[in-house]
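Trainee: Protein chains in written order, with UniProt numbering: chain A, 1 to 182; chain B, 1 to 93.
Since the hints were derived computationally from the structure, they do not count as laboratory data.
Among the hints, a few may not be true.
[Unchecked claim] Here are the in silico distance ranges between beta carbons for each label pair:
id	chain 1	residue 1	chain 2	residue 2	range
1	A	74	B	58	19 to 27 Å
2	B	19	A	51	26 to 34 Å
3	B	20	A	50	47 to 55 Å
4	B	62	A	76	31 to 39 Å
5	A	31	B	38	34 to 42 Å
6	B	28	A	34	17 to 25 Å
7	A	58	B	20	41 to 49 Å
[To be verified] What the simulated footprint calls covered on chain B by chain A, stretch by stretch (three residues with Cβ under 8 Å from a Cβ of chain A suffice, anywhere in the stretch; the number is not a length):
id	region
8	23 to 35
9	61 to 70
[Unchecked claim] Sample of chain A residues lacking proximity to chain B, with all beta carbon distances greater than 10 Å (derived):
id	residue
10	34
11	56
12	67
13	75
14	76
15	158
16	166
17	170
Glycine is no exception: its CB is placed at the ideal position from the N, C-alpha and C atoms.
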Amino acid sequence: MDSLSLHSNLHSVNNKRRQITHQNSFALTPSWTSLTEQRLYSSKLLHSLRRNSNPTAALEVRASADRVLAATAKGRTRWSRAILSNPICRWKQRHHKKVKKYSANKFMKKTTPEIRRSLPAVQKKARVLGKLIPGCRKVSFPKLLEEAGDYISALEMQVRAMKALADLLATGAPPPAPIGLS
Amino acid sequence: MSSRRSRSRQSGVSTEITDAQITDLISKLQQLIPELRARRSDKVSASKVLQETCNYIKSLHREVDDLSDRLSQLLATTDSNSAQAAIIRSLLM
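Looking at chain A on its own, in the form it has when it is part of the complex:
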């Protein structure tokens, strides 16, 4: 699996110039609302966590959850490739973000409802958004919007799956309970 991921990353780097950035590139991404995807994610995550014989720290759970999520995306998006290539990057980014905290100016005047990339407000918020999504600090604005949409759907699935998994663990593995999976 790791060698395949590495090969996939090298392949994507080699084809960086020819990479398609249209919406069609998301046509093959998994359906993050599918219950099957959620169950597969939960199973893979639990398998990953069981490899640790010692009690698993919360940070390790978080890192495993993100790696399994990126693997579920199969490297088809920039954020998933960023996680697979450097799992530790998330925590570095998070700590770095805490040092210089960004506070939005909620009273910023709105001059026009239309989209103008010259507006400082849009640029600043786009930069903040780029820091929140792995691997998207230096992407074009349309690409950032695409990645944000897919990343949000993936995160929502991750939350649903981890909640269901925690509920199952909390009840001490009873007979199959369909309600717990909903």
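Take the given structure of chain A and dock chain B to it, following the hints.
Mentor: Leaving out everything else, chain B in the frame of chain A:
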């Protein structure tokens, strides 16, 4: 800043197409944000959509952090491999 913006622009794509594409992408992004879903009929500024997108991603990150803490504690108390195997089987059913 100007050179950076022009550098990130896709070669061969005119400004008009890019702006229309951006409008469409922001509209789709708006549908994903619960805070903005209720105002589907209203036109929300791009700045507002980006702001709420950042807020929503941060809240999802916090939820995953909390769930990671919870799972870490539960795994410490569920040391039986057979119990976890039963969970995996129930997940796959």
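Trainee: Would you say the C-beta atoms of residue 20 of chain B and residue 50 of chain A sit inside 47 to 55 Å of each other?
Mentor: Since the Cβ atoms of residue 20 of chain B and residue 50 of chain A sit about 49 Å apart, the hinted range of 47 to 55 Å holds.
Trainee: Given as covered by chain A, does the region 23 to 35 of chain B meet the bar of three residues or more with CB within less than 8 Å?
Mentor: holds (count 7)
Trainee: Falls inside 26 to 34 Å, the C-beta gap from residue 19 of chain B to residue 51 of chain A?
Mentor: violated, 48 Å
Trainee: Residue count check for the region 61 to 70 of chain B against chain A: does it reach three with CB-CB under 8 Å?
Mentor: Answer holds; 8 residues pass the 8 Å Cβ test.
Trainee: Find the nearest Cβ of chain B to the Cβ of residue 56 of chain A and say whether that gap is larger than 10 Å.
Mentor: violated, 5 Å
Trainee: For residue 76 of chain A, is the shortest CB-to-CB distance to chain B above 10 Å, so the non-interface label stands?
Mentor: holds, 17 Å
Trainee: Taking 10 Å as the cut and beta carbons as the points, is residue 67 of chain A off the interface with chain B?
Mentor: Holds: least Cβ distance 13 Å, greater than 10 Å.
Trainee: Taking the CB of residue 28 of chain B and the CB of residue 34 of chain A, does the distance hold inside 17 to 25 Å?
Mentor: Distance hint for residue 28 of chain B, residue 34 of chain A holds at roughly 19 Å.
Trainee: Please confirm whether residue 34 of chain A is truly not at the interface, meaning its C-beta sits more than 10 Å away from all C-beta atoms of chain B.
Mentor: holds, 14 Å
Trainee: Is the claim that residue 75 of chain A lies outside the interface with chain B correct, judged by CB distances over 10 Å?
Mentor: holds, 20 Å
Trainee: Is 19 to 27 Å a correct range for the gap between the Cβ atoms of residue 74 of chain A and residue 58 of chain B?
Mentor: At roughly 26 Å between Cβ atoms, residue 58 of chain B and residue 74 of chain A fall inside 19 to 27 Å, so the hint holds.
Trainee: If I take the minimum Cβ distance from residue 166 of chain A to any residue of chain B, is it greater than 10 Å?
Mentor: violated, 5 Å
Of the hints listed earlier, those the structure fails to meet are numbers 2, 4, 5, 11, 15, 16, 17, in rising order.
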